[in-house]
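Below, each chain spelled out in residue letters.
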Amino acid sequence: MSLSEKQVSQIAYLARLSLNEAQLKDNTQDLNAIFSLVEQLANIETDGIEPMSHPLHMFQRLREDVVTEKDQSALFQSIAPKTSNGYYLVPTVIE
Amino acid sequence: MHTKTIVELSQGLKDKNFSCVELMQYYLNRINQSDLNAFITVTDELALAQAQVADDKIALGNASILTGIPYAHKDIFCTKGVKTSAGSKMLDTFVSPYDATVSQKLNQADLVMLGKTNMDEFAMGSSNENSFYGAVKNPWNRLKIPGGSSGGSAASVAGGLSCFATGTDTGGSIRQPASLCGITGLKPTYGRISRYGMIAYASSLDQAGPMTKTAQDAAIVLNVMAGFDEKDSTSAEQKVPDYTSNLNDSIKGLIIGLPKEFFSSGLDDEVASNIMLAVKEFEVMGAIVKEVSLPNSAYAIPAYYIVAPCECSSNLSRLDGIRYGYRTKDAKNLEDLYLRSRSEGFGEEVKRRIMIGAYALSVGYYDAYYLKAQKVRHLISDDFKKVFEQVDVIMGPVSPTTAFDLGSVKNPVSMYLADIYTLSANLAGLPGMSIPAGFAQNLPVGLQIIGNYWSESRLLNIAHQFQLQTDWHLKTPQEY
Amino acid sequence: MEWETVIGLEIHVQLNTKSKIFSAASTQYGQKPNSQACAVDLGLPGVLPVLNVEAVNKAIKFGVAINAHINQRNIFDRKNYFYPDLPKGYQISQMNRPIVGEGKIEITLSDQTKVVGITRAHLEEDAGKSIHDMFDDDTTIDLNRAGTPLLEIVSEPDMRSAKEAVAYAKKIYTLVQYIDICDGNMQEGSFRCDANVSIRSKGQKELGMRAELKNINSFKFLERAINLEVERQQDILEEGDKVVQETRLYDSEKHETRSMRSKEEANDYRYFPDPDLLPVEISDELLEKIRQTLPELPAQKKARFVAELGLSNYDADMLTLQRPLADYLEIMLEHHASNVKLCANWVMGELSASLNKHKIDIQNSPITAQALSLLISRISDGTISGKTAKDVFKAMWDSEDNADEIIQAKGLKQMTDTDEIEAIVEQVIANNVPQVTQFKSGNDKILDFFVGQIMKLTAGKANPKQVNELLRNKLS
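Protein chains in written order, with this note's numbering: chain A, 1 to 95; chain B, 1 to 480; chain C, 1 to 476.
No lab work stands behind these hints: they were computed from the structure.
Here the structure is a predicted model, which means the values were calculated and not measured.
Hints are not guaranteed to be accurate.
Far from chain A by the CB rule (all over 12 Å, computed), these chain C residues [what the hints assert, rightly or not]: (1) I236; (2) E239; (3) R304; (4) I331; (5) E334; (6) S441.
If we take Cβ atoms under 7 Å as the criterion, some of the chain C residues that face chain B in the derived model are [stated by the list, open to error]: (7) G46; (8) L48; (9) V50; (10) R78; (11) G89; (12) D268.
Each residue gets a CB set at the ideal place from its N, CA and C atoms; glycine is no exception.
Work out the full structure, taking the sequences as your base and the hints as a guide.
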């Protein structure tokens, strides 16, 4: 299996990254090298093995339904790139 | 002064040999004169203010062992009012509006933060060369890498710029730089220390820990860092013992497992002989050594380099230039805002891992990559389970080589292969340590000790006993 | 060609918890922009989610109420996509192991019932809101809603008409309010429907290509949007073209649906288990406890109203549609077990009409169930007539006074003194001889004339029944 530059460019877009021509070339090469390393996973027998998404066998703890957060919007927006009247701003989204 | 451990500095402060403010001035001075590039931010004013508070407490006799001890905080922990960059241009402007639980705990212990340490961007790297703020130099040889991703933390402790430092370990990021810089580093069991406020790289693998001069210091710091946190669903409701209380236990009869896979080809001969000498030392102390096997450990690299990128590709989606962080100038539209902010804000390695993850999770590839990797992870974890039925701890090298030359490894795959011995402990969630165990090519070699879940006390005990018998941990670099 | 419509609904129910599903920020509606978006809701670097126990309990409640399978081990996944009102760049949802599995629900259409399958119901977090028309060059983002708990209820494609879809949606709407997991406020977006609509030629087995209609926030619009979409698809197929699978936005003002295809393009949500959250385990004990404490459900209540109270199917249906309405009636019945029909009529008639007119919820009715009860008592015991009662009701609506106080103050008490009424009856008969002749010659209708005259003289206080009897006696 080998990733084409077109595929890599689609993957980049999926992750909202843009690559120039040189970056696209390099990344295609690197990704192919990495995935050929990963290919060895295919040889391992894993029938009947549960995927392990957590290292610990614990269950989710549940939080009481209590409001403890206060309005900190002024502090939070002090580090925002663009705000107005308490809103975050982004370039107009056309639907 | 900068060679002193926590225990020694604490005694000095208590005996009024020096004040905490003097201690800080001394350290801040060293940091200013240092060429290691270990810090991203030096918080001198804050440090002096905290030092004053500590001095007052000491004067009133309200001091604990950690009161007024200067430490360096990895720039991955959110610190309220202080820039928290995670080594990324993306967060160069991010002054955190809140404290990580670990930051809070360290503050409450009256520790004094000297600054935030340099690191591989978002903790992705094994050499600390992937930092927006430039590479960190190894105090033992300034042409060498310090290891990563907690390279700044390791260099600050090894270079005498802080008494201890915090680190995080997702695939070896505490143990490997500790090894390459000749200090003591502990990655606890997953869930031991809260991840709240620790900028996530790979959530199911990330774990914070102390980086110190000695195992005893590590125990003292772990006492403060560890504990259940209701803000972190993955933190364990497991009691925190006093990690210093078993340090002096005998290790006679300790059964050490040496996985044969950890001594395979690729391991530097000189590193290997250092490790074997260290193991011999344990035998002299009464330990029993057994060869064991972790048959799937070779697959830790491919499994890790799927799981971690998958999680990171999602974890880093929040960096979009909208609510905080880097935002490109004059975006034409929303699409442009996303694409340019993220492409300009992230470094090459981060982008590479985001793409690996995005691809491995996408429709049609999920089963073959993500799911397969998580199954293999289960096999790796089961290997450990079986081995821990026969032995108390596992020992081996941390890194296949000593610190390599800055700029010498350009190929990502070669860089990934250097993590071979550290990744499996993260995949399984097990605690692991690196302790100084000799020198090869005039550079430090670290011994890795991996224990069963929640065995931090035992690991620290074993490390401490070793440090009572050896002086590797006392060695300091020439330029110091 | 004869077409068959196939509809499946995805209903987003905002759960009425105090705090958000993964943070301790308030879920209150209509607050200052971003004032309820805490560090977790904003997706600041390093923050982590912790699951709200009530969100879980309410989801289980729903599952139990529809007799669905409950996944006692369920898992949260991340759904990854970029949008400005989705702060983390992923939505925490449940993909492979939702909390509620298969169930079913019965709907009633005029006189026939039908079973609609429910595929699943899963917990997820709501997104914030993008406002596109506040500024020219910028879209504004308010993240107060981000993190509000949602239960997404997904039906099987079992509905065959817009009417059935509406009946199903209403059924769910009633149920979620009954079991107190949603406030039902559709204007505020507490209950939102997406409809998957396709058509196929009658008799065909396979489903046609479907379109997903989004952004529907009333039952009226649901019906209109579906009918509109069915027409659109019929036109396409009859032209010999193909329907494309896409998402369409319903615009209620223009009464049209618009394709949102551009947004859907290249969307690959890359679901995977959220590593920040652990599997949720629901114990048998908790399940049993929730089952035990489940309130009487609408279907059960309706059946009881028919069987025990003797209400008609229609009345029982109307009265159980909203739980507060049923609760209101039940409070009244504590005082009037014998006069069920009268109570029911007043609740569905005068009370509902006034509430509708003033756009007031029954919970906030100015006339409480107890107050209305007293008024009904005065009808039953003959103190006032039903007609007068309507005036008393109006006065009660506008004042704090109770029925007795108003009857007293306005002197509305019915004349019950037979002698007094008899005198007036006799007077009216004496003064209207021609009409008496007409009555005697068989014009029964003329009786109303006499009643009218008597009521005029008594200012409406005479008991009409009594007047009628007296008149007939005297005239014959």
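Structure-based check of each hint:
1. I236: holds, 23 Å
2. E239: holds, 27 Å
3. R304: For R304 (chain C), whose nearest Cβ neighbour in chain A is about 31 Å away, the distance exceeds 12 Å, so it holds.
4. I331: holds, 28 Å
5. E334: holds, 32 Å
6. S441: The claim stands: S441 (chain C) keeps its Cβ more than 12 Å from every Cβ of chain A (closest is about 77 Å).
7. G46: holds, 4 Å
8. L48: Check passed: Cβ of L48 (chain C) comes within 5 Å of chain B, closer than 7 Å.
9. V50: The hint holds - V50 (chain C) has a Cβ within 7 Å of chain B, the shortest such distance being about 5 Å.
10. R78: With a minimum Cβ separation of about 5 Å from chain B (threshold 7 Å), the hint on R78 (chain C) holds.
11. G89: At 2 Å from the nearest chain B Cβ, G89 (chain C) passes the 7 Å test, so the hint holds.
12. D268: holds, 5 Å
Hint check: no violations occur; every hint is consistent with the structure.
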